[in-house]
Structure formats: C-alpha cells, structure tokens
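Novice: I would like the entire structure built from these sequences, with the hints used as guidance.
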Amino acid sequence: MTTIPDVGLEARGDLVRNAVAYVALGTGQNEATDATALASPAYGAAASNANVELVETTDTGGFEVVIRVKGGTEVAGGTAISEMAVYDGDPEAGGTLLTIDEFEPVTVEAGHTEEFTIPHDPSR
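All letters in the sequence shown, in the order written, are residues 274 to 397 by the working numbering.
Think of the hints as simulated: they come from the structure by calculation, not from any bench. Since this is a predicted model, take the numbers as computed values, not measurements. Please note that the accuracy of each hint is not assured.
What the hints assert, rightly or not - Calculated pairs, SDA-like style, for lysine to any residue (alpha carbon to alpha carbon, straight line, at most 20 Å):
#1 Lys343 / Val325
#2 Lys343 / Ser313
#3 Lys343 / Ala320
#4 Lys343 / Pro378
#5 Lys343 / Glu382
#6 Lys343 / Arg285
#7 Lys343 / Thr386
#8 Lys343 / Ala315
Specialist: Below is the structure:
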C-alpha cells in the first residue's frame, strides 16, 4: 500500500496554490475533463490582483481561490456568471487551465459585488 502522509498533501497543495496565476469568470458552461478554457469568458484577473484571494483552508494542502467582481466595474451590470476557471498563467498568453467549475448563473447587478470560489482539496 502507498500512503501519502499529511506533509505530502501539504506539499502538493502548496505546489498547486503557488502555480495559480490567473482567475477567470464566464457566462457559459464548459466543465469537462478535456476543457482547456471557459466557454464564454467575461472577466479575468491575475492572482495578485486585489480582488483575488488564495485562502489556505486546511493543514493538508486544502485551499480556495476566491474572486470578487462588481457589476458595472469588472463586469457589466446584469452579467450572469456561470463558470469559473483557475490558470497557471494568462490564458491569452498560453496559460494552462488548472481547475474549472460551472454552476447555476449568479447575476452581478450594477453596483453590487459578488464573490465566487473554487475549492482545492488534495486527497489520498
């Protein structure tokens, strides 16, 4: 039997978290194992942007990628966000898709801020 100890999970989580360079939101649906990008990108930001946060959630490598967008600022008011992606670089410059998630549309109304999250939890 092969066992990945807690410190191994933490190291794996750190590697992935440190690779996150770009986060994007879209208005389509493209969650598939062969996906390389969002179906309909609407907004993207570098992981270093003030509205992006990487939050460690466990001591075994778990973390969340969080992005906040304001209607009328980052996206047009009334935009229905239904997908989120995490990349190791800007997708327009060849960044690789690390994680993609689709969900029921969340409308970002003008003047309102919405928060979107993708969890990452390495497992044994």
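Novice: Can you confirm whether the C-alpha distance between Lys343 and Ala320 stays at or below 20 Å?
Specialist: Distance of about 17 Å is within 20 Å: holds.
Novice: Could you grab the alpha-carbon distance between Lys343 and Ala315 and see if it respects the 20 Å cut-off?
Specialist: 12 Å, holds
Novice: Is it true that the CA of Lys343 sits at most 20 Å from the CA of Pro378?
Specialist: Measuring from Cα to Cα gives roughly 15 Å; hence the hint holds.
Novice: Keeping to a limit of 20 Å between CA atoms, is the pair of Lys343 and Ser313 held or broken?
Specialist: 18 Å, holds
Novice: Starting from Lys343, check that the Cα of Glu382 is at most 20 Å away, please.
Specialist: 8 Å, holds
Novice: Between the alpha carbons of Lys343 and Val325, is the straight-line distance 20 Å or under?
Specialist: 13 Å, holds
Novice: Check whether the Cα positions of Lys343 and Arg285 lie no farther apart than 20 Å.
Specialist: 33 Å, violated
Novice: If you draw a straight line from the CA of Lys343 to the CA of Thr386, is it 20 Å or shorter?
Specialist: 4 Å, holds
This entry does not satisfy hint 6, going by the numbered hints stated previously; all others are met.
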